[in-house]
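Colleague: Sequence:
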Amino acid sequence: MTLDGKAARLKSTLRWLWQANQLDFFPLRKHLRGYSLGAARGDFTAAFNVALLAFPQGMAYALIAGLPIQYGIYGSAVAALAGAFFAGSRFITLGPTNATAVTFASAMAALSIVDGEMRAAMLPLLLLMIGLFLVVGAYMRVASVIQYISRTVVTGYITAASLLIIVGQSKNALGITFSPEERERATTFFEKLIITVRHLPDLHVESATLSIMTAVLYLLLNKKFRTLPNVAITMVTVSAIAVGLSALSANESLAGSFFARNWDASDIHWLHKIDASNWPVTVPAFDFDAIAQLANVALAIALLCVLEGTSIGKSLAARSGEKLDGNQEILAIGAANIACGFFGGMPASGSLTRSQLSWSSGGRTPVASLINGLMVVGSAFLLGPLIHYIPQSVLAVLVIFIGLGLFNRHAIKIVTKATRSDAAVFYTTCIAGLLIPLDTAIYLGAGLSIVLFLRKAATPELAEYGFTDGGELAELENPKQRRNAEISIVHVEGDLFFGAAEIFDEQMRRVCEQPNLKIVVLKMRNARHLDATSAMAIEELVGYMNERDRTLILSECRDACMRTLTESGVLEVLNEKNVFRDNHSNATLSTAMALGRAQEILGDQEIDIKIYVNPNKRKKVGEE
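Residues in the sequence shown are numbered consecutively from 1, following UniProt numbering.
Heads up, a few of these hints could be off.
[As the list claims (entries may be wrong)] Here are the simulated DMTMM-like pairs of lysine to aspartate or glutamate, each with C-alpha atoms no more than 20 Å apart in a straight line:
id, residue 1, residue 2
1, K323, D24
2, K323, E506
3, K413, E540
4, K577, D559
5, K417, D559
6, K518, D582
7, K323, E540
8, K273, E117
I should point out that these hints are in silico values taken from the structure, not numbers from a laboratory.
Modelling step: build the complete structure from the supplied sequences, incorporating the hints.
Modeller: Next up, the structure:
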């Protein structure tokens, strides 16, 4: 083939790849078109609130990752700025997170890279690799595939990460210093715990005192003033006290002599100040040995970013009655990590706390993230020189509280009680995260989850039901028999577990789109393998319908279904009056009772039946 022929073939291939692309590389223009003053006001308020949280959180996550503090602050700014240009929605606020920070720290410890500067030197290439994995994944539309990794894996992983954060920061809170040999050895939860306990007699009294003050103040503020930026307030207040006590101990006055005898500030570890005027701009160095060394870590963090970011976005989008383009958000996360690689950041993903805060504060568009990033940049220049007045023990205690906040007792209860498979995946992922590096643990949990999925994979079918001319309840074979209605009866057929939960959720939301629909009755007789993820989906569906003044009723629930609903606590959310057991001797009695409950809820209104049919079911009927 001639050179011109090869060039033409390459051009044709590139054109095909571009035409196959369904991503938008500048979705921000859609939000700027017709941008209103009301939207600007909401975005600014949300950005201000998030920036107040992002600045101290960035420092905390850098401490978790074992990096110099500025990498967390720079990462918070760069990820928010870069992500805003590629995000398709307002729901995900990007930046460093607990999960990505502790995964990075665990992986670096496993590679015997314990020094902060050495870790920082590895960052640009690692971040570029993470970003490229995510961008390619977005192009390949992995969002539709990732649903086959259950939320149980994420719950187990996050639980292990929280324990690692708590034990990892205990030494900083107590003013304990590990030797270089101990730092290299402390790569897992139990090793860190054992070494920390051995050093308890060596704790630094002044650092421990500041830690106690921090804990007491933070708990008081969280109890009385939950809406305030309590992390920032606590950090500033206790740091001011520490500086004041240190100044008094150095004073030669009578009071100073008292503090000099009782307060030794010389061994307090203070954070290093930040000079934002030296904000780094780095081109990642391509080293094939380093690429081979970091590939496993980069892929694990990329997978975690997808799981973490899309789950947060879908949850908030569902609460808003909107739909999230998961692949577009994955592209935004990838772009944010690539930008962090060039501009001094650290691994970034969708932050649960910041995303929730931005949404609840009235953020209307991704412009909120853009403003937030600019505010963090300004804060880095203004407040950077003051950071060296913050004791490391104060920040460590706040990080421990952040770690404690990761414990989701409600989710843990569901995944451990729903089914044996969920419990096995949860405990395997969690225990593995405590015994081996986290990046390996997430592969183990995801692998086990997929294996269990393949054993019982299926897609739930939704079949039409309605009343015949004779007044009997029966499956309708002709979709044209559907009428406008107040009630929809949905017959769930097939496996209803984590691999099918998202499909089920989307189908049910389409059922609920009809404006005159008041009640949905789910016939659960043939629904099999109801697990934690599906229980959560039903719980979220109840909340979604309640917000729209609609009611969900379950009928023909068999023993296994009732056991999962009861042990997971979802039965209480549904209300026991709205759940009817299956009657083996009378196939339609349970649903008839459910319709009686529907009539009770609707009062004297005339009841019509809304019919919904799964497209696959409709096709089969047409073929028959």
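Colleague: For the pair we were handed, K577 and D559, check the Cα-Cα distance against 20 Å.
Modeller: At roughly 17 Å apart (the allowed maximum being 20 Å), D559 and K577 satisfy the hint.
Colleague: If you draw a straight line from the CA of K323 to the CA of D24, is it 20 Å or shorter?
Modeller: holds (16 Å)
Colleague: Between the alpha carbons of K323 and E540, is the straight-line distance 20 Å or under?
Modeller: Since the Cα atoms of K323 and E540 sit roughly 14 Å apart, the hinted pair holds (cutoff 20 Å).
Colleague: For the pair supplied as a hint, K273 and E117, is the alpha-carbon distance within the 20 Å limit?
Modeller: holds (15 Å)
Colleague: Take a quick look at whether K323 and E506 sit within 20 Å of each other, Cα to Cα.
Modeller: Roughly 10 Å between the alpha carbons, so the hint for K323 and E506 holds.
Colleague: Given the hint that K413 pairs with E540, test it: the Cα-Cα distance must not exceed 20 Å.
Modeller: holds (16 Å)
Colleague: Are K518 and D582 close enough, with their CA atoms no more than 20 Å apart?
Modeller: violated (23 Å)
Colleague: Would the hint linking K417 and D559 be met if the CA-CA limit is 20 Å?
Modeller: Given pair K417, D559 holds - Cα atoms ~15 Å apart, limit 20 Å.
In the structure shown, a violation is registered for the earlier hint numbered 6 alone.
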